[in-house]
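Residues 1 to 204 (UniProt numbering) are what the sequence shown spells out, left to right.
These aren't lab readings, by the way, just hints derived from the structure by calculation.
Note that the Cβ used here is the ideal one computed from N, Cα and C, for glycine as well.
Just to be clear, a hint being listed does not mean it is correct.
Unchecked claim - Simulated restraints on C-beta separations:
{"id": "1", "residue 1": "LYS23", "residue 2": "LYS147", "range": "44 to 52 Å"}
{"id": "2", "residue 1": "PRO200", "residue 2": "GLU135", "range": "46 to 54 Å"}
{"id": "3", "residue 1": "ARG86", "residue 2": "ASN178", "range": "28 to 36 Å"}
Claimed, not checked - As a list, the in silico DSS-like pairs of lysine-lysine whose alpha-carbon atoms are at most 25 Å apart:
{"id": "4", "residue 1": "LYS191", "residue 2": "LYS18"}
{"id": "5", "residue 1": "LYS190", "residue 2": "LYS48"}
{"id": "6", "residue 1": "LYS48", "residue 2": "LYS182"}
{"id": "7", "residue 1": "LYS190", "residue 2": "LYS23"}
{"id": "8", "residue 1": "LYS48", "residue 2": "LYS23"}
{"id": "9", "residue 1": "LYS191", "residue 2": "LYS23"}
{"id": "10", "residue 1": "LYS48", "residue 2": "LYS18"}
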Amino acid sequence: MTNHIYTTFEQIKGRDAKEVYLKQKGKVIWMTGLSGSGKTTLASALEKRLFELNYFCQILDGDNVRSGINRNLRFTEEDRIENIRRIAEVSKLFMNCGIILICAFISPTNEMRALAREIIGEDDFLEVFIDTPLEVCEQRDPKGLYKKARTGEIKNFTGISAPFEIPNQPFMVVDNTNADIKATVREMLKKIIPQVRWDPSEIL
1 MTNHIYTTFE QIKGRDAKEV YLKQKGKVIW MTGLSGSGKT TLASALEKRL
51 FELNYFCQIL DGDNVRSGIN RNLRFTEEDR IENIRRIAEV SKLFMNCGII
101 LICAFISPTN EMRALAREII GEDDFLEVFI DTPLEVCEQR DPKGLYKKAR
151 TGEIKNFTGI SAPFEIPNQP FMVVDNTNAD IKATVREMLK KIIPQVRWDP
201 SEIL
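Turn these sequences into a full structure, and let the hints guide you.
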């Protein structure tokens, strides 16, 4: 099937040129954690702060992807892996335009995250584990999903009836039990900014 696919990447302006234009390095900040851990909230706060610092970002999260490009997928193991594969491929396209991707997905298994890392590339994949305890996530339960999972209305729910595998060696671990979101984002920026900062001396 792929024998008749001819990419045009060689004809497109390269990633380096686009990073020079944007004055930043394209990276994928991959936030993983339980439902209710605060991934989307932190992603939004991080994007806002990076934008204020003149960095150009794009957020991808479960809701905006599942309602569009992946709306045909269900929540079987196979479809969840395919969900992550598509997200990683889209993220790589954005990243190759010099854009900083902030991805907020449960991505509960090491296999799923390894797949995303392989597609995006080891040097460009910044895995951030949002380490919020299950009991805190369940207390928050902004969408009422844990309640439905406890009653059996939702099957294979991560943290209740399906496992979440803690990342082996994440780029960063974030304790999101702190109510001060701004302070949490400041700590994240200390590690992220050196990764996305554009250094004009590198092209001389």
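Status of the hints after comparison with the structure:
1. LYS23 / LYS147: 44 to 52 Å: 46 Å, holds
2. PRO200 / GLU135: 46 to 54 Å: 48 Å, holds
3. ARG86 / ASN178: 28 to 36 Å: 33 Å, holds
4. LYS191 / LYS18: 23 Å, holds
5. LYS190 / LYS48: Given pair LYS190, LYS48 holds - Cα atoms ~15 Å apart, limit 25 Å.
6. LYS48 / LYS182: 11 Å, holds
7. LYS190 / LYS23: 18 Å, holds
8. LYS48 / LYS23: Cα-Cα ~18 Å, so holds.
9. LYS191 / LYS23: It holds: about 18 Å lies between the C-alpha atoms, which stays within 25 Å.
10. LYS48 / LYS18: 22 Å, holds
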